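*Asks:* Residue numbers (this note's numbering), protein chains in the order written: chain A, 23 to 600; chain B, 23 to 600.
By construction, these hints were calculated from the structure, which means they are not laboratory data.
Here the structure is a predicted model, which means the values were calculated and not measured.
Check the hints yourself; a few may be wrong.
Remember, identical chains collapse to one label, so a pair may be satisfied in a single copy or spanning two.
Below, computed lysine to any residue pairings styled on SDA-like, alpha-carbon distance capped at 20 Å [claimed, not checked]:
no., residue 1, residue 2
1, Lys453, Val443
2, Lys517, Gly463
3, Lys417, Lys453
4, Lys453, Phe151
5, Lys453, Ala200
6, Lys220, Asp405
7, Lys453, Asn150
Protein chains: 2
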Amino acid sequence: MPWRSFLPILDWGRAYDRSQLSGDMTAAVIVTIMLIPQSLAYALLAGLPAETGLYASILPLVAYALFGTSRVLAVGPVAVVSLMTASALAPLGLDTLTDYVAAAAVLALLSGLILLLMGALRLGIVANFLSHPVIAGFITASGLLIAVSQVKHILGVSAQGHSLPELLRSLWQALPAANIPTTLIGITVLGFLLWVRKGMARALVALGVGPGLAGTLVRAGPVLAVIGTTLATWGLALPGAGVAVVGEVPMGFPPLGMPDLDMALITALLGPAVLISIIGYVESVSVAQTLAAKQKQRIEPNQELIALGVSNISSGLSGGYPVTGGFARSVVNFDAGARTPAAGAFTAIGLLIAAMFLTPLLYFLPIATLAATIIVAVLSLVDLSILQRSWSYSKADFAAVLGTIGLTLVAGVEIGVASGVAISLVLFVWKTSRPHVAEVGRVPGSQHFRNIHRHDVITDPRVLTLRIDESLYFANARRMEDVILARVHGDPNLKHVILMFSAVNEVDLSALESLEAINRRLGDMGLTLHLSEVKGPVMDRLLCSHFLEELTGQVFLSQYEAFDRLAEEDTTRTSAAS
Amino acid sequence: MPWRSFLPILDWGRAYDRSQLSGDMTAAVIVTIMLIPQSLAYALLAGLPAETGLYASILPLVAYALFGTSRVLAVGPVAVVSLMTASALAPLGLDTLTDYVAAAAVLALLSGLILLLMGALRLGIVANFLSHPVIAGFITASGLLIAVSQVKHILGVSAQGHSLPELLRSLWQALPAANIPTTLIGITVLGFLLWVRKGMARALVALGVGPGLAGTLVRAGPVLAVIGTTLATWGLALPGAGVAVVGEVPMGFPPLGMPDLDMALITALLGPAVLISIIGYVESVSVAQTLAAKQKQRIEPNQELIALGVSNISSGLSGGYPVTGGFARSVVNFDAGARTPAAGAFTAIGLLIAAMFLTPLLYFLPIATLAATIIVAVLSLVDLSILQRSWSYSKADFAAVLGTIGLTLVAGVEIGVASGVAISLVLFVWKTSRPHVAEVGRVPGSQHFRNIHRHDVITDPRVLTLRIDESLYFANARRMEDVILARVHGDPNLKHVILMFSAVNEVDLSALESLEAINRRLGDMGLTLHLSEVKGPVMDRLLCSHFLEELTGQVFLSQYEAFDRLAEEDTTRTSAAS
C-alpha cells in the first residue's frame with residue numbers, strides 16, 4: 023500500500039496502546055527539559071536569536087513523527103548543521119538580524135525542498151559517496167571548530183572567523199579584553215559539566231542508581247547549570263558587571279509564514295543548502311540506523327529523505343533554521359522509554375509551552391553557560407582515533423581523513439567536506455587505473471587457481487594465465503595492454519594466454535579496443551588468446567561486438583576447464599610430434 | 023643505460039647506414055613539399071601569421087628526432103591543436119598581432135614544460151583518463167568546428183565565434199558580403215581536392231601507377247592547388263578584385279629567443295596549456311603506436327612526454343606555437359620510406375630553406391586555398407560512426423560520446439573535452455556504486471559456481487552464496503548491506519551465508535565497517551557469515567583489522583571448499599537430529 027509507506031504513522035498509530043503512551047510521555051518530559059537549553063545554545067552557534075532554536079524544535083518534531091520511519095529519532099537543531107548554517111549565512115553580509123533570521127528560514131526551506139526532491143528521485147544513494155573516513159574527519163574537525171568558536175563567549179569578547187587559524191588569531195588579539203565574571207561563569211560551568219560526564223555518573227552508580235537512570239541524570243547536567251547560573255546572574259546583578267545574557271526572548275507561538283524568497287538569496291544559498299541536506303541526512307540516517315538496529319527495526323532511507331524534507335520545510339515556515347536528527351537527543355529519547363514517534367509530538371507540545379510561557383525565565387541566562395554546554399557537547403564528537411585506525415588499515419582512507427580534517431579546519435566546513443569527497447573519489451579511480459594482475463596456477467588437489475607468488479601451484483610453461491583484478495575500462499585499458507604484452511615478450515615456450523575474467527565486472531568500449539589490440543598482437547606473435555570465467559553481464563556486452571568472432575582462442579566457462587583443455591591438448595600434440 | 027633511454031638517437035644513430043639514408047632523404051623531400059602549405063594553413067587556423075606555421079615545423083622536428091622513440095612520427099602544427107591554440111588565445115583580448123604571436127609562443131613553452139614535468143613524474147598514465155569515446159567524440163567535433171570556421175575564408179568574409187551556433191549565426195549574417203572571386207577559388211580548390219582524394223587515386227591506379235605512389239601523389243594535391251591558384255591570382259591580379267592573399271611573409275631564419283613571460287599571461291594560459299598538452303600527447307602517442315605496431319617496434323610513453331616537451335619548448339623559443347605528432351604527415355613520412363628519425367631532421371632542413379628563401383613565392387597564395395586544404399584535411403577526422411558503435415555496445419559510452427560532441431560544438435573545445443572526461447568518470451563511479459550481485463550455485467560435474475538465474479546449478483537451501491561483482495568501497499558499502507540483508511530476510515531454512523569475493527579487489531575502511539555490520543546483523547539472526555576466494559591483496563588488508571577475529575564463520579580458499587564443507591556439515595547435523 024503506497025499510502026502506508028509514505029505515512030508510517032498509519033502503521034504504528036493503529037496499534038498504539040497505553041503502555042506505549044506512558045513510555046512516550048515520560049520520554050517527552052525528559053527530552054523537553056534537555057532540549058530547552060540545547061536549542062538555545064545551537065541557535066547561538068548558528069548566529070541566530072535564542073528563540074529560533076526553540077521554533078526549529080517544534081514543528082519539525084511533529085513533521086518527523088508523521089513521516090519518519092525511525093521510532094525514536096528526535097529531529098531539531100544539531101551542532102554541525104548549526105555551524106554549517108552560520109558559515110552559509112556569514113558571506114551574505116546581511117545588515118540586520120531580521121534579514122539574518124529570514125535567510126536562515128530560506129536555507130531551511132531550500133534544504134527541505136532538496137531533500138524532498140532527492141526522496142522523490144530515490145537518491146538516498148548519493149549520501150553513500152560520503153565515505154566513513156570523510157564523515158568521521160568532518161565531524162571531528164567540525165567539533166573542534168565549534169568548540170573554538172565558543173571560546174569567545176566564555177571569555178566575553180568578540181572574535182570572528184570561520185577557520186581555525188582565523189578564530190585563534192582573533193581570540194588571541196581579543197584575550198586582553200576578557201571579562202572576568204563571564205570567564206568565571208564559563209569555566210565553572212565547563213568544569214561542572216565535565217565532572218558531571220566523568221565523575222557524577224560513576225558516583226551515582228556507586229550510590230546504587232541504575233546506569234540507565236544515571237545516564238539520564240547526567241544528560242540533565244546542562245539544565246542544572248542553566249538554572250544555577252541564571253539564578254546567580256539574577257541574584258548578583260551580573261549583567262551590570264558585563265556578563266552577557268540571553269535577554270528578552272519573545273513569548274508566543276512560532277511565527278508561521280513563508281519567508282521572503284529573493285532570487286539572489288536563493289542562488290547564494292543553493293550550494294550550502296545541498297551540502298547541509300546531504301550532511302544532515304547522513305548524520306540523521308546513521309543515528310536512526312544505529313538505534314533501529316538495537317530494536318531490530320528497519321529504516322527506509324528514501325522515506326527518511328521525505329521525512330527530513332518535510333521537517334526542514336516546516337522549520338523554514340515557522341521561524342526556524344535547518345534541522346536534522348540529532349544523536350544525543352535521540353539517545354535520551356530512546357533511553358527514557360520512547361517507543362513510538364508520538365514521543366516526538368509530545369516533546370513538541372512541551373517545547374511549545376516553553377516558547378509560549380517560559381521565555382521570560384531565560385532573561386538572565388548567561389551566554390557563557392550556553393557556550394560551555396556546546397563545548398562539552400561537541401567535544402564528544404572529536405575522535406582523532408580515526409586517524410590512527412585509517413592509517414593502520416589503508417593509506418588511501420588515511421589521506422581522505424587527513425585531507426578532510428585539515429581542509430575543514432583551515433578552509434571551512436563546505437570546502438572541507440567537498441574536498442574529502444573529491445579526495446576519496448580521485449584515490450578510488452586512481453587505484454582502479456592501476457590494477458593488480460596475478461599470474462595464477464592450479465592449487466594441487468583442487469580446481470581452484472591462485473597467484474603463483476603466494477601459493478604452491480601447478481603451471482604449464484606453454485600456458486600463461488593472468489587474472490585481472492579489476493573491471494576493464496578506459497583508465498586502465500591501455501595499461502593492461504602494456505602489462506600483458508610485457509609479460510608475454512620473450513617467452514619462447516608460450517603457446518596460449520588465458521585472461522581469467524573472474525574479477526572483471528565491466529568491459530567498456532575503450533577496453534574492448536584494447537582487448538582487440540591484445541588479441542591481434544598476440545596473434546602476430548603466434549599466440550592464441552583465451553578468456554575464462556567471463557561473467558554473464560560482461561558476456562552479454564561482448565556479444566554486442568565482433569570481438570568474440572575475432573578471438574584467436576576460446577571462451578571457457580571455468581579456468582579449470584581452460585587450463586585442463588589447453589595443457590592437455592598441447593601435451594598430446596607434443597607427444598604426437600616426438 | 024639511462025643515457026640511451028633518454029636519447030634514443032644513441033640507439034639508432036650508431037647503426038645508421040646508406041640504405042636508411044636514402045629512404046630518409048626521399049621521405050624528407052616529399053614531406054617538406056607537403057608540409058609547406060599545411061604549415062601555413064594551420065597557422066591561419068590558429069589565427070597566426072603564415073610564417074609561424076613554418077617556424078613551428080623546423081626546430082620541433084629536430085628536437086623530436088633527438089628525443090623521440092618513434093622512428094617515423096612527424097611533429098609540427100596539427101589541426102586540433104591549432105584550433106585549441108586559437109580558442110586559448112581569443113579570450114585574452116590582445117591588441118596587436120605581435121602580442122598574439124608572443125602569446126602563442128608562451129603557450130608552446132608552457133605546454134612543453136607541462137609535458138616535461140609529466141614525463142619526469144612518469145605521468146603518461148594521466149592520458150588514459152581520456153577514454154576512446156571521449157577522444158573520438160572530441161576529434162569529430164573539432165573537425166566539424168574547424169571546417170565551419172574556415173568557411174569564412176572561402177567566402178572572403180569575416181565571421182567570429184568559437185562555438186558552432188556562434189559561427190553559423192555569424193556566417194549567415196556575413197553571407198551577403200561574400201566575395202565572388204574568392205568564393206570561386208575556394209570552391210574550385212575544394213572540388214579539386216575532394217576529386218584528388220576520391221577519383222584521382224583510382225584513376226592513377228587504373229593507369230598502372232602503384233597504390234603506394236598513387237597515395238603519395240594524392241597527398242601532393244594541396245601543393246598543386248597552391249601552385250595553381252597562386253599563379254592564377256598573380257596572373258589575373260585578383261587581389262585587386264578583393265581576393266585575400268597570404269601577402270608578405272618575412273624571409274629568413276626563425277626568430278630565436280625567449281618570449282616575454284608575463285605572470286598574468288602565464289596564469290591565463292595555464293589551463294589551456296594543460297589541455298593542449300594532454301590532447302596533443304594522446305593524439306601523438308596513438309599515431310606513433312599505430313605506426314610502430316606495423317613495424318613491430320615499441321613506443322615508450324613516458325619518453326614521448328619528454329620528446330614532445332622538448333619539441334614544444336623549441337617551438338616556443340623559435341617563434342612557433344604548440345605542436346604535436348600529426349597523423350597525415352607521419353603516414354606520408356612512413357609511406358615515402360622514412361626509416362629513422364633522421365628523416366625528420368632532413369625535413370627540418372628543407373623547411374628551413376623554404377623559410378629562408380621561398381617565402382616571396384607565397385605572396386599571391388590565396389587564403390581561400392589554404393582554407394580549402396584545411397577543410398578537406400579535417401573532414402577525414404569527422405567520424406560519426408562512433409555514435410552508432412557506442413550506442414550498440416554500451417549506453418554509458420554513448421553518453422560520453424554524445425556529451426563530448428555536443429558540448430565541444432556548443433561550448434567550445436576546452437569545456438567539451440573536460441566535460442567528456444567528467445561524464446566518463448561520473449558514469450564509471452555511478453556504475454561501481456550499484457554493483458551486480460549474483461546468487462550462485464555449483465555447476466554439475468565441476469567445482470565451478472555460477473549465477474543460479476543463468477545456469478542449471480546445484481544449491482542447498484541452508485547455504486546462500488552471493489557473489490559480489492565489484493570492489494567494496496564507500497560508494498557501494500551501505501548498499502551491499504541492504505542487498506544482503508534484504509535477500510536473507512525471511513528465509514527460514516538458511517543457516518550459512520557465503521560472500522564469494524572473487525571479484526572483490528578492494529575493501530576500504532567504509533566497506534570494512536559494513537562487513538562488520540553485516541556480520542553482526544546476520545549473527546543476531548542466528549546465521550554465520552563466511553567468505554570465499556578472498557584474494558591476496560584483500561586478505562592482507564583484512565588482516566590489518568579485527569574483522570577476521572569477529573567473523574562468525576570462516577574464510578575458505580575456494581568457493582567449492584566452502585560449499586562442500588558447509589553443505590556437508592549441515593547434512594550430517596540434520597541426519598543426526600532426525
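*Asks:* Indicate, hint by hint, whether the structure satisfies it.
*Replies:* Hint by hint, here is what the structure shows:
Proximity of Lys453 and Val443 under a CA criterion of 20 Å is satisfied in both settings, with 15 Å inside one chain copy and 17 Å between copies. Taking the shortest alpha-carbon separations for Lys517 and Gly463, only the intra-copy value of 16 Å comes in at or below 20 Å, while the best inter-copy value is 33 Å. Taking the closest pair of Cα atoms, Lys417 and Lys453 come within 20 Å of each other only inside a single copy of the chain (12 Å); across copies the shortest separation is 24 Å, beyond that limit. Both within a single protomer and between protomers do Lys453 and Phe151 lie at most 20 Å apart by alpha-carbon distance, with minima of 17 Å and 13 Å respectively.
Taking the shortest alpha-carbon separations for Lys453 and Ala200, neither the intra-copy value of 52 Å nor the inter-copy value of 56 Å comes in at or below 20 Å. For a Cα distance limit of 20 Å, the shortest separation of Lys220 from Asp405 inside one copy, 17 Å, qualifies, whereas the shortest one across copies, 72 Å, does not. For the homomeric pair Lys453 and Asn150, the shortest alpha-carbon distances inside one copy (19 Å) and between copies (13 Å) are both at most 20 Å.
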